Structure formats: structure tokens, C-alpha cells
Amino acid sequence: MAVSSDQTPLTQEQARQLEELLQGLDERQRDWLAGYLHGLQSAGRSPGSADAGAQTRQGPVLTVLYGSQTGNAESLAEQLGEQAKARGLPVTVQDMADYKPRQLKKEAFVALLASTHGEGDPPDNALDFHEFLHGRKAPDLKGVHYAVLSLGDSSYEHFCQTGKDLDARMSALGASPLVDRVDCDIDYDEPAEAWMESLLEACVARSGASAPASSPGQAPAASDKPRYNRKNPFMAPVLEHLVLTGEGSGKDTRHLEFSLEDSGLSYQPGDALGVYPSNDPALVAALLEALEMDGDTPVSVGKKETSLREALQHYREITQLTRPLMEAWARQLKDESLNQLVADHKALNDWMRGRDLLDLVRQWPIKDLSPQTLTGMLRSLAPRLYSIASSQAAVEDEVHITVAPVRYQAHDRAREGVASTWLAQRLEEDTRVPVYIDPNKNFKLPENDDTPLIMIGPGTGVAPFRAFMQEREERGASGRNWLFFGEQHFRSDFLYQSEWLAWRRSGLLERISVAFSRDQPEKRYVQHRLRECAEALWRWIEEGAWIYVCGDADAMAPDVNEALIDIIAQQGRRSREQAQDFLRQLAREKRYQRDIY
Amino acid sequence: MAETTLPKAEIIKRESHYLRGTLARGLEDEATGALADPDTALSKFHGIYQQDDRDHRDQRRRQKLEPLYQFMVRLRLPGGVLTPRQWLGLDEVAEQCANHTLRLTTRQTFQFHGVFKGRLKPLMQKVNALGIDSVGACGDVNRNVVTSVNPHESPLHQTVYQLASRISDRLRWRSSAYAEIWLDEECVHRLEEDEEPFYGASYLPRKFKIALAVPPDNDCDLFANDIGLIAIVEKGRLQGFNVAIGGGMGTRYGAPETYPRLATVAGFVPTEQAADACEAIAAVQRDYGARDNRDHARLKYTLDDLGLARFLELFREYHGQPMGQARPYRFTHNGDRFGWVKGDNGKSHLTLRIASGRVADFPDLKLRSALREIARVHKGEFRVTGNQNLIIAHVAQKDKDSIQALVERYGLDDGSQSSPLRRNALSCVAFPTCGLAMAESERYLPELVEKLEDLMAKAGVSEVPINLRVTGCPNGCARPYLAEIGLTGKAPGRYNLYLGGDRIGQRMNRLYRENIDEETLLAVLAPMLQRFADEREGEEPLGDFLLRSGIVDEDRSPGAFHQAQVSDPS
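Taken in order, these protein sequences are the chains called A and B.
If you count by this note's numbering, then the first sequence holds residues 4 to 600, one letter each, in order.
If you count by this note's numbering, then the second sequence holds residues 437 to 1006, one letter each, in order.
Just chain A, same shape as in the assembly (with noise of 0.2 Å):
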């Protein structure tokens, strides 16, 4: 495989002098430099960049981390901290909350601080934390010390309770304690204090002894695993799995989190997934019943003998009609009535829509049907693709994306979207899901993180643009973020609105625009959102920034391309003619990318 400058970030020279290396190496040496370069990614270094050896060089650091409810552990924290300095120990004191905490296995000291409130519950903001370390992607801690104090009041029966929570699966994790808890009760200053001095004695005992050990060069190396691909799918076991729609709303959002720990799978913000989904077991009964025919019957789905039950569920579609199904289904059964709607074009189209394969066995039932002639007749079930919400350099191993069941009435029957209603309802704890990486290369985020970017993601069209702010702030990327973002209710519908917010507040997100449909008497869209922003949006669009659009194909795409197409007009003094050629000249460029569906 050539390296050429046209597919990749590189120079020409760069690619020259890149091809030049590889063609060098044996199979063992790629393999090397192949764990080099992720372990490098992940490490979110560049070798030789100017902080890469900051760390080490000055010592392990001391991390204060800190779940308060009044304010007490936080104020402890900030003293610790205060007097890790004075001892010259480099350290830094964070809010639980805002701690991304599966950097938890990279620390050297970790000190824990956390109150306990209710029937021994954990603070607010130590929540996500204590869930993390409860959870299925607690990591494994070895080599990490760590120390707790727990603020509590002895009048509540699960006095500490958080304290004791958080010491337990540290240590059940494998980090090693460098003092023992202390639990402290209302009067807690001596205790704290005593606490907080023999922790950094051990500290600076250790800091000689101890470097940390998080060199690129020891991160996993390629292995030789089959690759997975559309192909052959990899079964990605379900790690989380949430509604992110709230109480009142009409929709039924999720959000689900895969794991491709092993796959050797990777993608890059922009990037679709590809879900093999499975076929209602209920829609394939009626069907069954319908046919009258036995599930069990053997058939061979291309080169694999299987039952038909298994056929209808896993490799057939049933739930859309085709033209060559219709064509196929009136030669079989020879009916005049089906003959006739196959040969209206416009009629056959009518007839199908919102139809599916047990609407037509119930209304032109064929006698002698075979069920193999029937798997024969039928489409493979085709996967279907999810803007990926996740970027690799804040979750490693995992892929996320947004689902929105798809449910609608027709012709007297509930009808249900394939895929999106087999993932959010139908996966049961332990399923695995078979899915691969479908790249685009057509919405990617800007070599330059100094350029702005301008999100327009009504819906689950937002997706993208998680991965996009993921990578951004892993990488301290410096450009400014501007998401548009709708839907119908703005108390129950905002997706990931915490971690927008939470982005806003960092400074990553600079402007949040938003437009609820149905909070109104008149109906409010992104794109009249984006008019009513006309002035700035020409400033930033100056200024060089790229604008994304992802989500409906139908609406939402054509109406935010108008809008766009008027705003230059109306704000660069353009003609409409003159503002399209504008818009086209900015999609060539790559700086206005659609990801719509």
C-alpha cells in the first residue's frame, strides 16, 4: 500500500520519507511501531513535544480528588493540596466530578475525600465517580496508591459510608493503600489533619522509589487477531445502555456504549458504525403463523444450514417490502389482483409503503410455498449505520452511539425500525452485538485545531459532534465550538445536555444555540435558530470555520442549506446565485460537511 499525500494529513515529503521507513521493516517491526504510535495517541502525546517529559520529571504526582456536599472535603482538599506544595510535591486538587476517571489507572498517589450524606449515600458531585469504580468499566488499579478520608456525622447509621465505599473497591481493584482511611466524625480538623500529614510523609517516601510507568513504547503492540469488517462482523458486548429522553417526552432516545476491547477495531470522530440487527421474535412468529409453516424446517442461508425460525430472525429482512420480492412473490402464486398492482409502477409503490413481508402473506397467501424458496426470495438483512457519538481518545476501547427507536402506526398494525428498536428494547444483558467500523471520510474534523467549527445536529444528529468535543478537548484543541442543537421539548429531549453544559463551562463549547419545536405555540427549527444568529455565524464563517451538518436527509438537511445559502446572501451582500457558489466553494474545501440520513 503506497502513502500518498492526496489520503492523509501528511506532506508530500512526510509521505515519501513515511513510505521510505515502511518499506524498510519487517512484519515484526510494523507490528511494533504500529502499539508505538497508538500507545502514543493515547497517551496524548507527541514524542518529543515540550510537556512529554514535564511528569517524570518532576515526580509522581499526588492527585486530590474530592466528593463535597457543604463544602467541607473540598475545603480538606484545598489544604492538602496547599501543603503537598510546601513539601514540594507536585499535586493536583479536583471536584470528583469534573476528574475524568479512567485516568484513575495512569495516577501514582491518588488521595480520596468524600463526605457521606442520606442512608450512607455519596455526595452529588462523587456520584459518577463512586458509580465508575461500582461498574463494569472499573479498571484494574495495580500500581496505583492511594489514600481515603471519610468525612461523616456518627449520628447517621451508615456513618462514612462513602468512605468505606471508595477504600473498599480501591483496594479490591488492586491499589495499595499508603495509609489507612480515617473516618472522621463532625469534629474532624485533628483527624484530617493527622490523616493529611502521614499521607504526604509516605508520599515523599515514595517519590524516589516510584516513577510512573506510562512509557509509549509498552503499550499493547497489534496483534494478530482476524480483523473484523463488515464482512465479519465483531460481537461487541453491550457495556451501557440508557434512555436519555426524560419523563414527558415523545421520543425514546438511547444511548448505547460497546466494547471493541480486542477487536483491533478503530475509528475516528465522524465515523458511522455498522449494527447487524435481529428481527422482532414476535413479528417472526406471526409470520411463521401467517405461512403456516414450522420454524424449525431446515434452510441454507447462502452457505450456512440454519432453521428458518433463525433465518426469518437474524439473516433475512421482513420488515420492508421490494420490488424484485413483489416480482418474485406474483410469479410464485400466479394471482391476477397481484399481478395487476406489480405492473402499476405508482400503485405497487403506494401499496408498499408501510407495509411489510406479513402484510403480504396475509393478504396473497401462496398454497405450496417452500421455505427454502421462501429464504431464497427474501433480502439479507442489511446492517444499519450510527454516526458513532464517541472518539478514541476519551474512550479507548469503547464506541458510542445515539439510537432513536423508530415506532409508527400503519395500516392498523405498530410498525418498528429494525435495528433501532432491537437495541433499545430487545438486547438483553449479555447480548453481544455484531458490528464494524464504517469510516467516512467525507466529515472529519479539521487538521487545524485552531479552526472554529459552527455543529448544526438537531436530534440524534448531535451524535458526531460528542465525538467531535471528546477529541477536541482530549487533544486541547484551541478552536472555538458553536452547537446547534433541536428537538421537540427542552426539558425532557436535550441529549447529552449535562455534558454540553459541562463543555460550556470548560470553555471547549463556546455557544450553545438551541431550538425546541414543541415548547411554542409556533413550531421553532434549527434553521430558524441559525437565521436569527445570521450576524455572528458570517463572522465566524469569516473567520474560517467549518460548518457540519448531520441528521435528517428529508427536512432538516434542505431547510439548514437554505438558511445557510441566505444568510451569505443577506450578510456577505451576495446574490443568491453568487451565495450558492459561495456554499459550494466551502463544501470543496471540505469546510461544509453533511452527515444526513
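It is worth saying that the hints were derived from the structure and are not from the lab.
Predicted model only: the values in this text are computed from it and were never measured.
Hints are not guaranteed to be accurate.
[To be verified] Below, simulated PhoX-like cross-link-like pairs (lysine-lysine); rule was C-alpha separation at most 25 Å, straight line:
{"no.": "1", "chain 1": "A", "residue 1": "K526", "chain 2": "B", "residue 2": "K557"}
{"no.": "2", "chain 1": "B", "residue 1": "K500", "chain 2": "A", "residue 2": "K140"}
{"no.": "3", "chain 1": "A", "residue 1": "K254", "chain 2": "B", "residue 2": "K802"}
{"no.": "4", "chain 1": "A", "residue 1": "K140", "chain 2": "A", "residue 2": "K234"}
{"no.": "5", "chain 1": "A", "residue 1": "K234", "chain 2": "A", "residue 2": "K103"}
{"no.": "6", "chain 1": "B", "residue 1": "K836", "chain 2": "B", "residue 2": "K815"}
{"no.": "7", "chain 1": "A", "residue 1": "K526", "chain 2": "B", "residue 2": "K553"}
{"no.": "8", "chain 1": "A", "residue 1": "K254", "chain 2": "B", "residue 2": "K553"}
{"no.": "9", "chain 1": "B", "residue 1": "K643", "chain 2": "B", "residue 2": "K444"}
{"no.": "10", "chain 1": "A", "residue 1": "K103", "chain 2": "B", "residue 2": "K500"}
{"no.": "11", "chain 1": "B", "residue 1": "K802", "chain 2": "B", "residue 2": "K815"}
Given the structure of chain A, go ahead and fit chain B onto it with the hints provided.
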């Protein structure tokens, strides 16, 4: 001397440009239902508390949605007096801008709950159009001025009510921030201009409460206030007021340096000086109250730190003349007088019991609809009592029947439908909206009352009035420390039990058992009520009996207050 660091709330006030902060901008931010963080401290001065639906907080966190932010808006309504037209207006506001309920508070005013950010401004404008505002209903300023509402001595009470309004107006904050932010008036603020001639840029160190009472009725719990004015009537004429200072309920668990305190009767001022005297006391508190510690900032601590003698010296300095000698007075009653009473001027007044002050259409009681209908025919006024109840006041003889007919049609409670315990019970709001709540209060009270009624019935004391008050936290909104049985929430389903208050609001209770569940609570109270039934002398109230029998001791010193008298054996 160590440099004192000011608490965040104190700095926010000073840097707020007279309570503007970034409130106006925060209202326009559509990405969040909340205000900017520091502004939530400022909004209180405008009568607005940011809260969230705590029933859904955890679920929403998992759903990556922010908490379901919403606001509570409290009005300024001196003495709790309003016209039927205003009632109808507020009822409409509840429908259009809030959660379809009105809540009567223990400080004689209204609260709207469940107001989403986008409805705040319309709400404030509608309320303003009714001639009502929410200036200083919360925040570090003088709060709603409360006063005796017993209307059957009309002329005297009218005078006292007018004074309450005057004091409220005098100590209202002045910045034009309110008009700019809520009423869309043009910003007239100049940076260097002092918009608060009395308060200054840092307002008071903490909230400040004033009450006026006409003996023998202490229905407003006068001694729970920073200033209590006790009307002195001699030969049928109002002479002036005894001035009680330094009362306050709020305390914090595990902080023995915080304590509830009854106001100390410090002296007497003639009627015409009463408003000036209140201003002078507030000014001493403004200048001498602790700014570096909000747990120690109420007047009660300032008074205890300075000592009464020094405080009175300062008062004399600020007021221009000293307080006179306190005159004799006697309170005999605390709580509302339910049902119809006839006043001096021949008009009648009907006091209705409103459970926990919540005016809503419940499945079995269409209370809000009923009061709306009454407001449509009523020609007098409404008065909110300090015990979350409502008086239909000044009803002409000829109109009485039509109002009574509505009361009967809707099955409203004129007190005769409930036991004395239920009639007098108070609770704060707590879950799901109050951010301070540690346990249920309003939603728990009916259930608790029923269980206590059973105990009382078993002991044979069902008809004895016992003063029960429940709050979800130790801050004291329902004045739990003045109850005969007081409960304050510690954790879901768990409460501190306070016993031994009197029935006239002049003696506090004290902590008896700490952090107990309902089962323990009932097990503690059952034998106590039985003994009360067996050993009660005459009409002796429960609180008095508990002291006389030695079950609860008399020590009410700050040190003793937080010490559970009976500690948990487990």
C-alpha cells in the same frame, strides 16, 4: 490578625451592582433551565429561589440531562392581606406560570412552586399588575413583615396592620434592578451611584424578620423573629410597643455554636417611633452583624456577642433616644381561631384550615376551585395567617350565607372537621422542590398526623390540642423549635424529635431523640401520651406536663439544645 475571608454570598452581593449580577442574561440562556451560579444568590433578593425536582434528580443525572430546574417565587405581602381581585389574579398566575398550586406560608404570604425559567418574567409582570411584588421576600434583607391577623378587634388591628406595611415599605430594598430585570424598565444604574441609602451594597449580613402581635394572641410566633413588636393597649388605646429582639429559629446539625433563640424583650417604644426603632435595630445589625460567617450572622448572635446593655447603647446612638421600660403584657394564645367570628364593626370573619397551606385541586377536595369561587363573590378581604391558614375577612351579614354555602358545597374545613392536632399542625414544603430538605415534610404530615391521632385516641387524649410541627431540615421554616412536638428531618424517613415547647410560643422545646425513624418515634411517644392522659392536671398542655413530670428538663441553653436528652440506646 488573620485576614478574614468573606463567604461567597457576601462577595456576590457586593459585586452584584445592586442585585443585578447577570440575571437578565441568565434568563435568556436557552441551553439551561438554571440561572448562572452566583445569580442564584441574588435572585433570592427578588423573591426567587432556584430549585429542582429532587424526585427526578438522580434519574436525570443518569440520562445526561441537567436537574429539572424550576423556581419558587415568594411574594411580599405585609400582614398577609389581599383583596378578592388579587386572589383571583394570583390564582390565574398559579395556573399559567406555576404548578397550578398556591402555597400559603408561615410568614403570611404566597409561594408559587414549579415555575420554569421561561415563565419567571411573565409571572413577575402579572403579579406586579396586581399591585403586589416580591421585593425582599427572600435574601439578606428584611423579609415579609407579619402581624396578628385576628380581625375581630378591627380598629386596633387595622392600625397595627398599617404599621406593618409601613415598616415593610421602609425596609424594602431600593435598587431599580427589580424594575429593570422583571418589568423591562430601562437601566438607570450609574456605576458610582449608591442605590441603597439604607442597606448599602452589602445589604444585611443575613435574613431579617419582623413581627407585630396584639396580646393576648401570639399567632404569628412573635418571639421567633429578629424584632417582635408587642402592642401595648392601655385604656382601650394603643400606647406603643414592647420591643423584643434577637429571635430566630435556624440552626445547623452538628454545629453547637448555632442555636434557635427566643427574642428578648428589651424595652418599649411609643407607636409613632416604632418604624424608626425597627430601622435603627436593623442598622445596628447591618453594621455590627458578622459578615465573615453566615452561620453566625443573624441578629440573635450579634445580640449575644454584644450583650443586651451594649446593644441598647448602640440602639440609643442610632435611634437618637433610648428605649423605655418594657410594659406588662400577657399572651395566652398561639394558633388560629377557626370558624366564623364576629368583629367589632358587625362584619364576620371565617378562618379556614388549609392543610400545610397548599391551595390545590386535590382529587377529593377542590380547594383551589372553591376559593376561586369564594373570591368571585367575596367583597371583603383575604388574610393569610402565620399558620398557613386563610381568613375570609369582613363579610357583611347579608353575604355570609352565600359564602357558607360554598364552604359546605366544597366541603372546606372550618376547623370542625379535624382533630385539634391536625388543625394546628404545621409543615414546611421540603421534598421534592426544596433544595435544603433532608427528609419529607409536607408530603409526610398527613400520614404522621393519622398515626399520632391513633396514639392519642388509645391514650384517650384525642381532644387535647397538641402543637405539632414538622420540617425537612433544621432551618426552621415551620418554627419547629416552638412546638410541643417538633420534628426536623435528618435523612429520608429519619427525624430529630424535639419536645417540651409551650402552647403560647414563649418556651422552646429541646432535642429529645436524634435521628429516629417513625417506628421509634411512635414507640417513644406512645407511653408518654399514656402518662400524660393518666397524670394530666386540669387543662394542662402536653409541653407543660412533660416539664412538670421531669420527662423533659428545663435547660434551654445553646449548649443543651443540641444534646439529645435521651440518647439512642442502640
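Quiz prompt | Agreement of K836 of chain B and K815 of chain B with the hint, judged by alpha carbon distance not exceeding 25 Å | solution = Answer holds: K836 of chain B to K815 of chain B is near 11 Å, not above 25 Å.
Quiz item: Are the Cα positions of K526 of chain A and K557 of chain B separated by 25 Å at most?
Solution: Distance of about 22 Å is within 25 Å: holds.
Exercise. Mind checking the alpha carbons of K802 of chain B and K815 of chain B for me, to see if they're no more than 25 Å apart?
Key: OK: K802 of chain B and K815 of chain B at ~22 Å, within 25 Å.
Quiz item: Going straight from one Cα to the other, do K254 of chain A and K553 of chain B come out at no more than 25 Å?
Solution: 23 Å, holds
Self-check item: 25 Å limit on alpha-carbon distance, applied to hinted pair K500 of chain B and K140 of chain A
Solution: Given pair K500 of chain B, K140 of chain A holds - Cα atoms ~18 Å apart, limit 25 Å.
Self-check item: Pair hint K103 of chain A and K500 of chain B, alpha-carbon separation not exceeding 25 Å
Solution: 16 Å, holds
Quiz item: Can the restraint linking K643 of chain B and K444 of chain B be considered satisfied, given a maximum Cα separation of 25 Å?
Solution: 16 Å, holds
Exercise. Take the C-alpha atoms of K234 of chain A and K103 of chain A, compute the straight-line distance between them, and say whether it is at most 25 Å.
Key: The given pair, whose Cα atoms are some 35 Å apart, is violated under the 25 Å limit.
Quiz item: Taking only the CA atoms, is the gap from K526 of chain A to K553 of chain B under or equal to 25 Å?
Solution: 20 Å, holds
Quiz item: Is it true that the CA of K254 of chain A sits at most 25 Å from the CA of K802 of chain B?
Solution: The given pair, whose Cα atoms are some 34 Å apart, is violated under the 25 Å limit.
Quiz item: For the pair supplied as a hint, K140 of chain A and K234 of chain A, is the alpha-carbon distance within the 25 Å limit?
Solution: Roughly 29 Å between the alpha carbons, so the hint for K140 of chain A and K234 of chain A is violated.
Of the numbered hints listed earlier, those contradicted by the structure are 3, 4, 5.
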